[in-house]
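Enquirer: Quick note, the sequences are listed as chains A and B, same order. Taking the working numbering, the leading residue of the first sequence gets 900, the next gets one more, and so forth. Taking the working numbering, the leading residue of the second sequence gets 485, the next gets one more, and so forth.
Zero decoy hints are in this set.
One-sided and incomplete, this derived list gives chain A residues near chain B with beta-carbon spacing under 8 Å: (1) Tyr937; (2) Ile940; (3) Ile993; (4) Gly1000; (5) Ala1001; (6) Thr1106; (7) Arg1113; (8) Val1117.
Everything labelled a hint here was simulated from the structure, so no lab data went into it. Here a beta-carbon is modelled for each residue, glycine too, at the ideal position from N, C-alpha and C.
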Amino acid sequence: MSKPTPWLRALQVFASVAVAVGLVMALRAPVDAFQGEYARIMHVHVPTSWLAFLAFGITALGSLLWRVRRNRRWDRLAAASAELGVVFTAMSLITGSLWGGAVWGTYWDWADPRMSTTALMFFVYLGYLALRRTTDDAEAAASRSSLLGIIAVVQVPLVYFSVNLFRSLHQTQSIRPGGATMPTEMLVAMLVNLAALTVLYVALLATRMWVMRREEAVTIEPAAGAGVVPPRLEEVGDG
Amino acid sequence: MAEAGVVLAYLATYGGILAYVVWLEIRRRRLTSRE
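Produce the complete structure using the sequences and hints provided.
Expert: Put into structure tokens, the structure is as follows:
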């Protein structure tokens, strides 16, 4: 019976509670004088963008460890994290576009470096997931995708620093080492959502890896009764 | 009253998370039936 372990179940419950608390705080946080209600989008846009970066960083780490150790666990970590990274990047693109439509007056601009590099990163990691499906051989899939997982991570700093390196519609980082450019109440709500969605990422990553491991076991292990050689009639005898 | 864009952004985020959780649960149930 495929039931999650107690610690995984506890992590899932903790993540659900954390996300619910984050959602309530985001909806109760003060709004911006200029952006109005649209400032609330930042409470989901910033965390999903951060998680996209984190997920692809973990994919690179898992890929590197797989190449060094050749342990299936690291390949599962890389693949599960890439899948989540694609999901969070899609959310980041959608929420960012909705915010831009209201505040900048445009939902999309290919000339903007932050938008275009994020879109490129999304498609590259979609390619990573597609590459894993080009073969049924788990070792071959791990070998091919691990190279892409290591190389593609260069996009993460490119996307993050694109607003500093190029002229961009997108504002520079709101949270910097020297302090944040927003009121404390808004900052707290954003940080709580950042932490809550990071816990959710860890819970989803652990769950996806658990499902992957079980799927591999079911694929490799023969089904019940398979491989049992039926007795030949002459061995059974006529009693 | 929240703006439509804000509602859509929250729907995209939390709806996306819910969709992924449901998809994971479907895979887990398929495993149970195969074991």
